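Here are the chains, one letter per residue:
2 protein chains.
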Amino acid sequence: MDSDYGVPRELSDLQKQRALYQPGLPPCLQGTTVRVEFGDATTTSDPAGAHVISQAFPHTYGQSLAHFLRPTAKVPDAQIIVEQSAIRVGVVFCGRQSPGGHNVIWGLHSAIKSHNPNSTLLGFVGGTEGLFAKKTLEITDHILSTYKNQGGYDLLGRTKDQIRTTEQVNAAMSACQELKLDGLVIIGGVTSNTDAAQLAETFAELKCSTKVVGVPVTLNGDLKNQFVETNVGFDTICKVNSQLISNVCTDALSAEKYYYFIRLMGRKASHVAMECTLQSHPNMVILGEEVAASKLTIFDITKQICDAVQARAQKDKYHGVILIPEGLVESIPELYALLQEIHSLHRRGVSVEDISSQLSPWASALFVFLPPFIRKQLLLHPESDDSAQLSQIETEKLLAQLVETEMNKRLKEGTYKGKKFNAICHFFGYQARGSLPSKFDCDYAFVLGHVCYHILAAGLNGYMATITNLKNPVNKWRCGAAPITAMMTVKRWSHGPGAMPIGKPAIHPATVDLKGKAYELLRRSASSFLMDDIYRNPGPLQFDGPGADAKAISLCVEDQDYMGRIKLLQEYLDKVRSIVKPGCPQEVLKAALSSMASVTDVLSVMSSSSLNGQTPL
Amino acid sequence: MDSDYGVPRELSDLQKQRALYQPGLPPCLQGTTVRVEFGDATTTSDPAGAHVISQAFPHTYGQSLAHFLRPTAKVPDAQIIVEQSAIRVGVVFCGRQSPGGHNVIWGLHSAIKSHNPNSTLLGFVGGTEGLFAKKTLEITDHILSTYKNQGGYDLLGRTKDQIRTTEQVNAAMSACQELKLDGLVIIGGVTSNTDAAQLAETFAELKCSTKVVGVPVTLNGDLKNQFVETNVGFDTICKVNSQLISNVCTDALSAEKYYYFIRLMGRKASHVAMECTLQSHPNMVILGEEVAASKLTIFDITKQICDAVQARAQKDKYHGVILIPEGLVESIPELYALLQEIHSLHRRGVSVEDISSQLSPWASALFVFLPPFIRKQLLLHPESDDSAQLSQIETEKLLAQLVETEMNKRLKEGTYKGKKFNAICHFFGYQARGSLPSKFDCDYAFVLGHVCYHILAAGLNGYMATITNLKNPVNKWRCGAAPITAMMTVKRWSHGPGAMPIGKPAIHPATVDLKGKAYELLRRSASSFLMDDIYRNPGPLQFDGPGADAKAISLCVEDQDYMGRIKLLQEYLDKVRSIVKPGCPQEVLKAALSSMASVTDVLSVMSSSSLNGQTPL
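Top to bottom, those sequences are chains W and R.
Using this note's numbering, read the first sequence as starting at 1 and increasing by one per residue.
Using this note's numbering, read the second sequence as starting at 618 and increasing by one per residue.
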């Protein structure tokens, strides 16, 4: 670990060219002065959890949204930040590497130095372990030169993913104090940003002056909520995977004899699998969210695939491509329950050899039924977030094997009369994660780095850097910051009001929205994807020419820009106030009153029904 | 199979843009007239086999080389081809899909139609099975529109790989006669081009007027000889694989806890693995050719990797990337011998269940030692070319497992004191094979398609289309044709003169030349690759901007252009003849004589020593 961090390295021609690429900044962040405008105090999207969250985060809950604006923007009470004094900031990579991570550091460095050349940016070497051990590397433009717009986290490396235990939190605080940091920027996903919020709360409580900022960087794309439209790395991963999936589709269509089962990285949620399906049109995708919603068993899924294989065989098609998110295994009810039993035995210290003998009778029956390779994988120790080691469990092989057995059975019974079923399995993960980041991810990460600086300059603590309106060009992006606590929820035993909260408040991975537009788009085409082989090849990730500026389809079809709308609402309210000033005609006041009464009525009804977990008509 | 061939399909933006790309033609093929110049009669590169080959191919052995030249080129006895009459040509995809295959058809179509719009190009649907069954699709510009510069073989599909048995050859001939074909173009690799030569010989013998032409299209890059510098698809495959390998390298360097074992498609020879190593600088590559030359056992290789892991651990490095060609398993002496025993039992009709009990004692001992998953894979039926099912044998997992066992042993014994060894295994093949072809492969395939037309227009039979000087831009490429028989060799029991030939003459896969410049380049950097992590990321395949015109490193470092040199030699000889005409001064004649005597002396010595399989000093 005392190794090659930040050492200049040999780049290929394309890497060199990429290192010269300069992402743009939205108008609000150009120049050396930026205004910050504070919105209303935030709540959480799940009002039922608000109380629990506010108790757990007394110092950092309920802070206001912040919007960064051009100094010329006409907002009466916005504060102009003209930071003068030099600041010291630390930055750390937490969790799995995601393409574009380096650009957050570059953006942060460029913002810090352009506001005061005497400011310092320290990178923690080797992830959170480096943070605890106070191992730092001062970031300079020279060090950054061969890491700009490049993939991986190898500028600083990363190790363990968590800052959670008292020892870890204390070590982090002691590092921040000893290094006299004004700010600590944590680059990571769902878990790391939850840790960031906890750290911010502890720092505030213990009067440690370091402000903590989180940045949404995770290839899983599951740190998604009203403030965060997508994550750094998701675009690249989906493009690289879609290229490979499309290549396999072309291969399937050329050879006409194999079914390819492809498992995709992306943790519990199926965002990557859904986006890749929209990009490359494989025959099938088994979304974990669908399986969970319909409570499909492994046998239901097997039957569904077999029926599809049989329907295709009737059209003389003996090939196909089926996508499987790695999180699927935890969405299948009986496998999830089995995993829960195994993990609880792990926690009780039962050794791997003894676990199978201590399972409940039904879990044991299922366990014995499964092929040996998957048994071994299910017995692996759970990850730090208590989920199974998803990247190690070969669900695609399990399904391929079950489908093969069932197709052979149907063949023997005469209910299937086609050719023998042949499967080839793939896992696409590691080979995409280290990719050169797409232009979108380069831009998004670089601008987020800038936003981090402005959050720290505004003295905010426990915030996440946010950019919305991302589906539009960079000059239309809106930059802001939201308290991380506003993104938290609390797990409950059941839906509906009055349900008991369990566990600590946390940012939970967002699942694919089965009522969302992206899913609707997928469903509309599903039968055509299944039968008609309308494979589409987005091709390799391009940096120049056609395709270079493409964005994720799921980002573009959704109509997000929550932050933009929150601002627009504020403008409407201000306008009403300025029109209906004391002294205005009686008719104007009456009109305003009746309209506002109707608006507030509608909103009260909608808010209370959303409390019940139901969508309004 | 009565399916969607040639049906227009939805293309992504990038695919659409690629479909509009128009490859250029070298000057010699521009315009509607082309000259063909015939060189000397050909021999084979292995003089010892010449007799056997000439006996097996009495009608097609020893034909002259052909060079295609601009009509204005000053060559006295070249024949100008101004083809008038319409011709009918059939084309078929044989063997595994390779990126760029579609462009051979496009190039052929464009050449045929530009010389006579009434000519017809018929594509055989579903590979050689379609050929035998006379299932055709008339190729039109409309049909080609969504397949130009696109990957896969899905315009026509492919099925079985061989045209070899009497029934198959007869079926092919009957198809050619019934469809009144003037020419049949076979697109494929080593095996398919051997079949093409056999078909040409049979057609000539039986006075079938169809001329047979082969095209070197195989991602393995193993159809390589003095006439053929590289194959269509190799460039793309190496670029796509190198991208993925580089991504994994970046991942390794970021996570710092895994060794990645990556197996690469490419059949018996290690060309793909070598080129990918030169492009992305992984820590190690185990070339099959090195293993065979040094007769390394599986234990030697395991030890070599373990020693490397240990050396890296001493520098506190616990990650790495190791490439393994899929053909490695057949290069390891004891595994090869085991496979030979298994295959011979297969040939004798022994069922899979009984094979293990009928192995010789030593083979049985090795078999039992191997992990169960690999035993099952070794028992698979051999392929049509008698080799093992290389894509199904997970050599990378076998090696990873053996290395892990050995490292754990060393850890226990205290000879290794580092962290636990962790491996992750990958197979890169199917996900690269269907890629959009690189610009180089688009150009190369398109021009080869044109050359096929000119071979047929010149009435040549049993030739392969060739282009040399490929490392230079398209306008410097030299187009020609070489008799396929000139590329054949005969396997012998041992080296040296007098050794008995065994088996039929065939084009054998070229192995990596351990005396070649590319290998030298690799060896020079090997220790630095191993220890210094100088990973290099060529990035995703680009079609525009930097990197788009990159060519394979192994193509560029070799100094090939054999066809160009053969022509140059001819020019020298012509020049001598024209200077030393009867009537020239005595001194000139004397000088010529003494120089020529010395040249012929040197060449005789060199040729006889190469006969002994030795390289001259």
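Among the hints, erroneous ones may be present.
Here are the simulated lysine to any residue pairs, SDA-like style, with alpha carbons at most 25 Å apart [said to hold, decoys possible]:
hint : chain 1 : residue 1 : chain 2 : residue 2
1    : R       : LYS1132   : R       : LEU913
2    : W       : LYS16     : R       : ARG1153
3    : R       : LYS730    : R       : GLY648
4    : R       : LYS1034   : R       : ARG1153
5    : W       : LYS551    : R       : ASP630
6    : R       : LYS1037   : W       : LYS315
7    : R       : LYS874    : W       : GLN168
8    : W       : LYS420    : R       : GLN921
9    : W       : LYS376    : W       : LEU366
10   : R       : LYS633    : W       : GLN168
11   : R       : LYS1184   : R       : CYS1173
12   : W       : LYS376    : R       : PHE990
13   : W       : LYS180    : W       : ALA458
14   : R       : LYS1036   : W       : ALA48
15   : W       : LYS397    : R       : ASP630
16   : W       : LYS551    : W       : ASN469
17   : W       : LYS16     : R       : PHE990
18   : R       : LYS874    : W       : LEU11
19   : R       : LYS633    : W       : HIS343
20   : W       : LYS315    : W       : SER527
21   : W       : LYS420    : R       : ALA1143
22   : R       : LYS1198   : R       : MET1213
23   : W       : LYS409    : R       : THR819
Since the hints were derived computationally from the structure, they do not count as laboratory data.
Because the structure is a prediction, the values reported are computed rather than measured.
A quick look at each hint next to the structure:
1. LYS1132(R) to LEU913(R): Holds. LYS1132(R) to LEU913(R) sits at ~19 Å (cutoff 25 Å).
2. LYS16(W) to ARG1153(R): holds (11 Å)
3. LYS730(R) to GLY648(R): holds (13 Å)
4. LYS1034(R) to ARG1153(R): violated (30 Å)
5. LYS551(W) to ASP630(R): holds (12 Å)
6. LYS1037(R) to LYS315(W): violated (51 Å)
7. LYS874(R) to GLN168(W): holds (21 Å)
8. LYS420(W) to GLN921(R): Cα-Cα ~42 Å, so violated.
9. LYS376(W) to LEU366(W): Holds, because 14 Å separates the two Cα atoms, which is no more than 25 Å.
10. LYS633(R) to GLN168(W): violated (53 Å)
11. LYS1184(R) to CYS1173(R): holds (21 Å)
12. LYS376(W) to PHE990(R): holds (14 Å)
13. LYS180(W) to ALA458(W): holds (18 Å)
14. LYS1036(R) to ALA48(W): Violated - the C-alpha atoms of ALA48(W) and LYS1036(R) are around 47 Å apart, more than 25 Å.
15. LYS397(W) to ASP630(R): At roughly 33 Å apart (the allowed maximum being 25 Å), ASP630(R) and LYS397(W) break the hint.
16. LYS551(W) to ASN469(W): holds (12 Å)
17. LYS16(W) to PHE990(R): violated (43 Å)
18. LYS874(R) to LEU11(W): Holds - the C-alpha atoms of LEU11(W) and LYS874(R) are around 23 Å apart, at most 25 Å.
19. LYS633(R) to HIS343(W): violated (50 Å)
20. LYS315(W) to SER527(W): holds (14 Å)
21. LYS420(W) to ALA1143(R): The given pair, whose Cα atoms are some 45 Å apart, is violated under the 25 Å limit.
22. LYS1198(R) to MET1213(R): holds (15 Å)
23. LYS409(W) to THR819(R): violated (46 Å)
Checked against the numbered hints listed earlier, the structure breaks hints 4, 6, 8, 10, 14, 15, 17, 19, 21 and 23; every other hint is satisfied.
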